[in-house]
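Please arrange chain B on chain A, whose structure you already have, making use of the hints.
Chain order of the listed sequences is A and B.
Taking our numbering, I'd label the letters of the first sequence as residues 1 to 173.
Taking our numbering, I'd label the letters of the second sequence as residues 1 to 182.
Keep in mind that the hints were calculated from the coordinates and are not lab data.
Note that the coordinates shown come from a computational prediction; the quantities given were computed from them, not determined experimentally.
Everything hinted at is true.
Partial chain A-side listing against chain B, Cβ under 10 Å, derived:
| hint | residue |
| --- | --- |
| 1 | Gln7 |
| 2 | Ser10 |
| 3 | Ala11 |
| 4 | Gln43 |
| 5 | Glu46 |
| 6 | Val58 |
C-beta atoms are modelled at their ideal positions from N, C-alpha and C, and glycine is treated no differently.
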Amino acid sequence: MNCPNQQTISAFVDGELEATQAAEVKRHVVACASCRQFFEEMQWLEARGRSALDAIHVGETPVPNVVQLRPASRKWARPMSLAAAAVALLAFSIWTWFASSHFSSNQSSPSPHLIANGSATATGRNLQSERAQEAAFEQWLAPYRELRIPLVPMEVAANYQPAPIFPIQFGNH
Amino acid sequence: MQPEPDIGDRKEGFDSVAARAYPALTKAATVLCWSRSDVDDVVQETMLSAFKSYGSFRGDSSFLTWSYRILVRAAQAANRKQVKFLPDDYAASQPQQLPPADRAVILDEDASGVINAIRSLPERQREIITLYLLKELSYSEISSAMGVSVGTVKATIFQAKTSLRAALASKGIIRRPIHELP
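Excised from the complex, chain A in its bound form:
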């Protein structure tokens, strides 16, 4: 009896033989005990392999938020960065208040958000400063990436309102 090579039987198990050859191999496997044993072992192996992969525990499937995944759009916000931004804003506000109260001026203080953004002008985009900010942000972010602290979803970050520590008065007195 001419047994087909084992690779052919393996391909037969996978349904990869063309019809004529498949029929021939099938007839042989029915008649030959050792080839039938190999055929059944290949089937068993495939079944065990598939069920083993099924048994891997994945846990809850997070919905991948692609915006979080995109490093180009710097729209991430984390609780600590929001707190840090709030502290920086507060510090600048206090400085502005002292500056305006000690140095009388006819001009009103620049808006805190412009100071915090580091942009000297209220109109237009300062690309160089944006790139510098992005680089500084990346450098700051690196250790958090290592620790893999979960990101805050954009919707939460967009609606975040830091609680004021004490009321601040702007402008001239």
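What follows is chain B alone, placed relative to chain A:
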């Protein structure tokens, strides 16, 4: 400069297919990654790369099949980093083997034995056999997914199955013929 395609529609289409493929990609990464701690990062990198090149995804194969190759490259890169931290006497003769998987992620003892046997295969066999077991694909679909010829897929799957059979037998996991079962 050409305007970017509408990111909203792309994102919505991508999110749904990515969510469906996520469990299978995570399982594949669990098999292919040296360390469990790399699995999440490798899957995230895969999703990011897949999103960036989503415009080139024609839909002629499933998203999982298309992104599997990205996952394989990401896992290889992560594993290369791990090799630096190996003790000197660790399987120097077979550097492509992976150590046993973290037991916490494979709750079934028998499955754990099978997964570790897959992890002990050479890298290429491991990659192809994992895709073969993950999804019922034809050899030509696997060859498109992995960028190798059908003949290579056929030969590699056969070698992997043979090695797997031997590896399982050495752990005492063998097929018991029906007439021997209690």
